[in-house]
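Student: What follows is each chain in one-letter form.
2 protein chains.
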Amino acid sequence: MVVREKILDTVISCFKRHGAKRLDTPAFELKEMLTEKYGEDSMLIYDLKDQGGELLSLRYDLTVPFARYLAMNKLKKMKRYHVGKVWRRESPTIVQGRYREFCQCDFDIAGQFDPMIPDAECLKIICEILSGLQLGHFLIKVNDRRIIDGMFAACGVPENKFRAICSSIDKLDKMSWNDVRYEMVTKKSLAPEVADRIGEYIQRCGGVSLIEQLLQDPRLSQNKQILEGLEDMKLLFEYLTLFGIADKMSFDLSLARGLDYYTGVIYEAVLQTPSQTGEESLSMGSVAAGGRYDGLVGMFNPKGQKVPCVGLSIGVERIFSIVEQRMKVSDEKVRTTETQVFVATPQKNFLQERLKLIAELWNAGIKAEMLYKNNPKLLSQLHYCENTGIQLMVIIGEQEMKGGVIKLRSVASREEVAIKREHLVAEIQKRLSDS
Amino acid sequence: MVVREKILDTVISCFKRHGAKRLDTPAFELKEMLTEKYGEDSMLIYDLKDQGGELLSLRYDLTVPFARYLAMNKLKKMKRYHVGKVWRRESPTIVQGRYREFCQCDFDIAGQFDPMIPDAECLKIICEILSGLQLGHFLIKVNDRRIIDGMFAACGVPENKFRAICSSIDKLDKMSWNDVRYEMVTKKSLAPEVADRIGEYIQRCGGVSLIEQLLQDPRLSQNKQILEGLEDMKLLFEYLTLFGIADKMSFDLSLARGLDYYTGVIYEAVLQTPSQTGEESLSMGSVAAGGRYDGLVGMFNPKGQKVPCVGLSIGVERIFSIVEQRMKVSDEKVRTTETQVFVATPQKNFLQERLKLIAELWNAGIKAEMLYKNNPKLLSQLHYCENTGIQLMVIIGEQEMKGGVIKLRSVASREEVAIKREHLVAEIQKRLSDS
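These protein sequence lines are chains A and B, in that order.
Sequential numbering from 1 applies to the first sequence in our numbering.
Sequential numbering from 1 applies to the second sequence in our numbering.
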């Protein structure tokens, strides 16, 4: 939990740095709101039992609820972040960092703006977060739905097969091209020559030079949609260069992203390094992803009024698994509490004094603990500090009472000093701010 | 949301000050785990639709999941806090601050300890949080299930009616004694003379002197359970006095708390002040509550092994409603973002420079925004700062480019100074740390 909190802190402070306000939506949505938004994944939605009232489902992600919120409140513009739980009916395979309940961290920019500026900011945010978390080298694959769809059309894929072929291509990170080709041809009845034409393109990735190549490609450059996508991609790379992050990007024609609602730029970040020992390779799939979805808000608006949106989602659960696995390898220990001072006594019948003392510390904002025993042994009090990583001990006994002092002990060095009772809080605060 | 976050910050930092670690449990529990834990409230639980797999329900509170967690992991000791959503099938009456989905903030101490020490700490925590939130005067009503049950027995309530009569008494904060008496006699078939005997006691509240009185009471002092409860109450008040919070407490025989699982001390904090205008009285019910539940963990353990627990729950939704209402009255405005600097230009064709500049600020950890337009008007950039409360503007134009400087403008005072480009980040950081 402590590691989780640190990761979330990094993510949230980055979202705030980019001017987003926090938004929270309910865990359940009307069942009808979620249908037909997720393509093949719709069967993973949890429904609530009909106990009277509306039919409800648990949210599957934070994007659809955000779009619903914008439409309902007739908002045309918003930059928000949302950290919350989502639920998916998968059999949990914990090794891969996928659960049935998990936390999502989303940042989205809604509104009609000049092209690619918010899109570039989303990619900058992913870079800042992944760098900030010190996960090692990463790469962000970028593509555009218009380029994919245009390429399908140019290669001769029938339009009613676009989404199905998209799903197949999406598996290229787990399957070889031959297997994907086999699926497209046999399961999805795509003509083999069409599959081969697609294969030529989707095995290519690169940067600005690839964009230029494709702009020259006789088959693709006929298609208006592709041209739009490629021109925007060029502009995006210009902005990414100004942001100093173009070297982290790969324009990758194989990136498809299964979700139905994307309409423009899409992206996905993957880690590139194996774990530090070099033995276990951590192929954890994507750690962040997102894209542009200009049509989703309109689906919730009775008049179909569109609000263009672009956003990203940080895969904190996967990141958490990775960090945890690394910590196991390096045998790092983490404190689970933040207690700064322990109030102890070596003698019997000092409960009252300990209670008075600890209340003083709490009132001064100092994080303090004591054992809930009338007469604890000094040794068990020392052990408690060592086991939970508390650095300072405040000791009160008969001798101290008589002298009007309190002993302050450093757990690590075992040094003890006597401090006047009335100076204790100030002295502790000084030590804590020094350390 | 900003107000919410501040309230949650105060609550969580208090929980940490008392040495609790954070714990998180899933939103759903096995349906069977939640049955027979909540008395009359069980019908408010949300069940999930049977889509194969286990029958699941959404959690109703955080206490039962905590007890289930302790039992499952065979933990005998734990001090944890949990901030999370819970769900109840109520028709939402937003004025009272009750919703179908709401956030709960719980702190609990599990383990076998010397009597009343953890219980006193829970009350101290409630005091620290309510004082910290500056909600005005508050009072914490304290009672003990053993005293209630013993009083029922001594007054002649049949044992199978204990819980039902408890529920009736729990309504005394919303209904008059006469109405409660009527409910007990007619709906719950309690003998009128028994009801009157109860009435004598539950209309009394006070401090240590009331405890002494009851210890002398000929009818009550026969009952072993009551004596135990009263002795512990005396001890509790001793510790509360040492903590300096006894004046906030009222030993109140009418406090019953409906939930089935309490076995010892119970408490509930109520605010005492009307809103500052004096016109609308804010009777918001309890803002914090809790108690001891020594039997709950054992219900989840196959061998029935008990782990004594005591805890508290902060009613953050109600507190949020109160703070919001007060802010409405006093017409306070809250910023919804934390943006520190706005990057502006008075001229056309400066998008590239703005992008480079804002990336520099972000990389230095400065919270910065700009408009997502190629050529925004200076006036709309100024308005954006005023509307969102951004204090500093960084302005770049042709003149500045030539001189190798950037203009830094204070939005409030309208003062502008030119700063060398290479000193900009340092200068902004200095200003931000000064303010």
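Calculated from the structure, these hints are not laboratory results.
Do not rely on the hints blindly, as some may be mistaken.
For identical chains, the list gives no copy identity; a pair is met inside one copy or between any two copies.
With a straight-line cut-off of 30 Å between C-alpha atoms, the simulated DSSO-like cross-links for lysine-lysine are [to be verified]:
#, residue 1, residue 2
1, Lys-333, Lys-348
2, Lys-16, Lys-407
3, Lys-367, Lys-16
4, Lys-377, Lys-76
5, Lys-356, Lys-367
6, Lys-328, Lys-224
7, Lys-85, Lys-16
8, Lys-49, Lys-85
9, Lys-31, Lys-85
10, Lys-224, Lys-16
11, Lys-328, Lys-248
12, Lys-234, Lys-303
13, Lys-373, Lys-16
14, Lys-367, Lys-303
15, Lys-356, Lys-171
16, Lys-356, Lys-85
17, Lys-85, Lys-21
18, Lys-430, Lys-333
19, Lys-333, Lys-21
20, Lys-49, Lys-16
21, Lys-49, Lys-328
22, Lys-31, Lys-306
23, Lys-234, Lys-348
24, Lys-85, Lys-6
25, Lys-306, Lys-74
26, Lys-373, Lys-76
27, Lys-76, Lys-402
28, Lys-49, Lys-31
29, Lys-174, Lys-234
Student: With reference to the structure, classify each hint as holding or not holding.
Tutor: So, going through the hints one by one against the coordinates:
For the homomeric pair Lys-333 and Lys-348, neither the shortest alpha-carbon distance inside one copy (34 Å) nor that between copies (54 Å) is at most 30 Å. Only between protomers do Lys-16 and Lys-407 lie at most 30 Å apart by alpha-carbon distance; the minimum there is 24 Å, versus 44 Å within a single protomer. Taking the closest pair of Cα atoms, Lys-367 and Lys-16 come within 30 Å of each other both inside a single copy (28 Å) and across two copies (7 Å). Within a single copy, Lys-377 and Lys-76 get their C-alpha atoms only as close as 65 Å, which misses the 30 Å cut-off; across copies the closest is 20 Å, which meets it.
In this assembly of identical chains, the alpha carbons of Lys-356 and Lys-367 lie at most 30 Å apart only when taken from the same copy (15 Å versus 43 Å across copies). Proximity of Lys-328 and Lys-224 under a CA criterion of 30 Å is satisfied in neither setting, with 52 Å inside one chain copy and 53 Å between copies. Taking the shortest Cα distances, Lys-85 and Lys-16 sit within 30 Å of each other both inside one copy (20 Å) and across copies (23 Å). For the identical chains of this complex, Lys-49 and Lys-85 are neighbours both inside a copy (20 Å) and across copies (19 Å), given an alpha-carbon limit of 30 Å.
Proximity of Lys-31 and Lys-85 under a CA criterion of 30 Å is satisfied in both settings, with 17 Å inside one chain copy and 20 Å between copies. With identical chains, the CA atoms of Lys-224 and Lys-16 are never at most 30 Å apart, being 38 Å at best within one copy and 59 Å at best between copies. Taking the closest pair of Cα atoms, Lys-328 and Lys-248 come within 30 Å of each other only inside a single copy of the chain (28 Å); across copies the shortest separation is 47 Å, beyond that limit. For a Cα distance limit of 30 Å, the shortest separation of Lys-234 from Lys-303 qualifies neither inside one copy, at 34 Å, nor across copies, at 67 Å.
In the homo-oligomer, the alpha carbons of Lys-373 and Lys-16 lie at most 30 Å apart only across protomers (21 Å), although the nearest pairing inside one protomer, at 44 Å, exceeds that limit. Proximity of Lys-367 to Lys-303 under the C-alpha cut-off of 30 Å is found in neither arrangement, the shortest distances being 55 Å within a copy and 37 Å between copies. In the homo-oligomer, the alpha carbons of Lys-356 and Lys-171 never lie at most 30 Å apart, since the shortest distance is 64 Å inside one protomer and 36 Å across protomers. In this assembly of identical chains, the alpha carbons of Lys-356 and Lys-85 never lie at most 30 Å apart, being 41 Å within a copy and 35 Å across copies at closest.
Proximity of Lys-85 to Lys-21 under the C-alpha cut-off of 30 Å is found in both arrangements, the shortest distances being 18 Å within a copy and 20 Å between copies. For a Cα distance limit of 30 Å, the shortest separation of Lys-430 from Lys-333 inside one copy, 26 Å, qualifies, whereas the shortest one across copies, 36 Å, does not. Taking the shortest Cα distances, Lys-333 and Lys-21 sit within 30 Å of each other only across copies (15 Å), while inside one copy they are farther apart (34 Å). Taking CA atoms no more than 30 Å apart as the test, Lys-49 paired with Lys-16 passes in neither setting, with 38 Å inside one copy and 38 Å between copies.
With identical chains, the CA atoms of Lys-49 and Lys-328 are never at most 30 Å apart, being 41 Å at best within one copy and 38 Å at best between copies. Proximity of Lys-31 to Lys-306 under the C-alpha cut-off of 30 Å is restricted to the intra-copy arrangement: shortest distance 22 Å within a copy versus 41 Å between copies. When the C-alpha separation of Lys-234 and Lys-348 is checked against a cutoff of 30 Å, the pair qualifies only between copies, where the shortest distance is 21 Å, while the shortest distance within a copy is 76 Å. For the identical chains of this complex, Lys-85 and Lys-6 are neighbours both inside a copy (17 Å) and across copies (21 Å), given an alpha-carbon limit of 30 Å.
Taking the shortest Cα distances, Lys-306 and Lys-74 sit within 30 Å of each other inside one copy (10 Å), while across copies they are farther apart (53 Å). For the identical chains of this complex, Lys-373 and Lys-76 are inter-copy neighbours only, at 16 Å across copies versus 60 Å inside a copy, given an alpha-carbon limit of 30 Å. For a Cα distance limit of 30 Å, the shortest separation of Lys-76 from Lys-402 qualifies neither inside one copy, at 71 Å, nor across copies, at 38 Å. When the C-alpha separation of Lys-49 and Lys-31 is checked against a cutoff of 30 Å, the pair qualifies both within a copy, at 11 Å, and between copies, at 12 Å.
Taking identical chains as interchangeable, the C-alpha atoms of Lys-174 and Lys-234 lie at most 30 Å apart only when both belong to the same chain, with a minimum of 29 Å there against 67 Å between chains.
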